[in-house]
Amino acid sequence: MALEVQILVKGAAYLGAGVAIGLGAIGAGVGEGYTAGFANRAISMKPEKAGDVLKNMLIGQALAESAAIFALVIAMLLVLMEFQANAITAVALAAAGICMGFGALGPGIGAGFPAGRACEGISRQPATSSSLSNTMLVGSAVCQTSAIYSMVVALMLMFFDYSTRAFNPNAAALFAAGLSTGLAAIGSGIGEGLTAGGAMQTIARQPTSVGRATASMLIGQAVAETPAIFGLLISMILLFRVYPGAESVITAAALLGAGLSMGLGGIGPGIGSGAAGEYALNWLGRNEEIGGLLTRTMLVGQAVSQSTSIYAMVIALVLIFVV
Amino acid sequence: MDISGADIIRAVSLLGAGVAMGFGAIGPGIGEGYAAGRACEAIGRNPREAGLLTRTMLVGQAVSESTGIYALVVALLLIFVV
Chain A
1 MALEVQILVK
11 GAAYLGAGVA
21 IGLGAIGAGV
31 GEGYTAGFAN
41 RAISMKPEKA
51 GDVLKNMLIG
61 QALAESAAIF
71 ALVIAMLLVL
81 MEFQANAITA
91 VALAAAGICM
101 GFGALGPGIG
111 AGFPAGRACE
121 GISRQPATSS
131 SLSNTMLVGS
141 AVCQTSAIYS
151 MVVALMLMFF
161 DYSTRAFNPN
171 AAALFAAGLS
181 TGLAAIGSGI
191 GEGLTAGGAM
201 QTIARQPTSV
211 GRATASMLIG
221 QAVAETPAIF
231 GLLISMILLF
241 RVYPGAESVI
251 TAAALLGAGL
261 SMGLGGIGPG
271 IGSGAAGEYA
281 LNWLGRNEEI
291 GGLLTRTMLV
301 GQAVSQSTSI
311 YAMVIALVLI
321 FVV
Chain B
1 MDISGADIIR
11 AVSLLGAGVA
21 MGFGAIGPGI
31 GEGYAAGRAC
41 EAIGRNPREA
51 GLLTRTMLVG
61 QAVSESTGIY
71 ALVVALLLIF
81 VV
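Same order as they appear, the protein sequences are chains A and B.
Residue numbering for the first sequence follows this note's numbering, starting at 1 and increasing by one per position.
Residue numbering for the second sequence follows this note's numbering, starting at 1 and increasing by one per position.
Derived by calculation from the structure, the hints in this document are not laboratory data.
Where is the CB? At the ideal position from N, CA and C, for every residue including glycine.
Do not rely on the hints blindly, as some may be mistaken.
As the list claims (entries may be wrong) - Across the chosen pairs, the derived CB separations fall in these ranges: (1) Leu58(A) <-> Val74(B): 44 to 54 Å; (2) Leu15(A) <-> Val82(B): 31 to 41 Å; (3) Thr208(A) <-> Val82(B): 52 to 62 Å.
Let's have the full structure, built from the sequences with the hints guiding it.
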């Protein structure tokens, strides 16, 4: 019997590793391809600026790559480390892989948007290339935060000792913790990238607007980040709450439902808030005197868009604490 | 451990509540954000109509929100009534 559990843990770790880097590679692949596409277009418009565009493309792609590198690190650890042989550890390892895989998807795609738009902007307004590159770095770095949340949760799932907890329902709590942060990170990552892409377009069009655009970009990205923070909150509650052993599957199902509710529920509001930020920032540069009005309208629209992520969090909290 | 039919129904309805609210939140979230983005674009083109545009944006978002509220209602029914 001991041997069988050991095989189960190894199998779960390998499965988690495959899921982590398999899903994690999607985001960076899409994001970097988008950047390269815009770089090609930029070079065809202004071949004499090919060096600047290429340099910016590579910096942007390196940032988009970081989410996939987090996934690679988690996958390597899952493959190479030795873990305790018990069934709840097996579930935690599979959950760690799923969390990191989904968590790297959005930030990889998102970081491609500012990088691509910055390449386009450099060929349009070569004089702005340094402020475009700087703002791109800030915007892309913010995109990566949700991947970092996923990595933190994945590491907590891998290295904390859960062996003293009863399998039912604590295994479901750990799996739900992975789903919550991982899925919610998809929306925030893509949304923050859209907002940062809008800021790049505005700086390229109106170089004097760089300060205002950076400030509005950070405000918009902060709102788009909220679903990822809600997801992290639900994950932390699920990781640290120890449930007494149960006979029935009701609590386990409720906890899984909580993770799915918050995880899936965070995707839409994250992308939507980011889209609102993209258009608002895009128009900031065309008409600078209405910058305050645009930022205000963006915030109102984003707040409405966030309402569904709050519903999802409420349902998750009810499923955790009331049921 | 033996699991009774009533337990399974209760467990599946709780899982279903999570799935309902999770998937149900995706559409309104993206849709309302898109509406907000287009409203910002329209205000950029014609700032004098900002009040009218904000009002129209909010009405459109309220309609888009309805499916999110349906998901919330169904989730609450699955948790507290079923």
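(request) Using the beta carbons of Leu15(A) and Val82(B), state whether their distance is inside 31 to 41 Å or not. (result) holds, 33 Å
(request) Given the range 52 to 62 Å, decide if the beta-carbon distance of Thr208(A) to Val82(B) lies inside it. (result) Since Thr208(A) and Val82(B) have Cβ atoms about 59 Å apart, the given range 52 to 62 Å holds.
(request) Go ahead and decide if the range 44 to 54 Å is satisfied by the Cβ distance of Leu58(A) to Val74(B). (result) Between Leu58(A) and Val74(B), where Cβ atoms are some 48 Å apart, the hint holds.
In summary, this structure violates none of the numbered hints.
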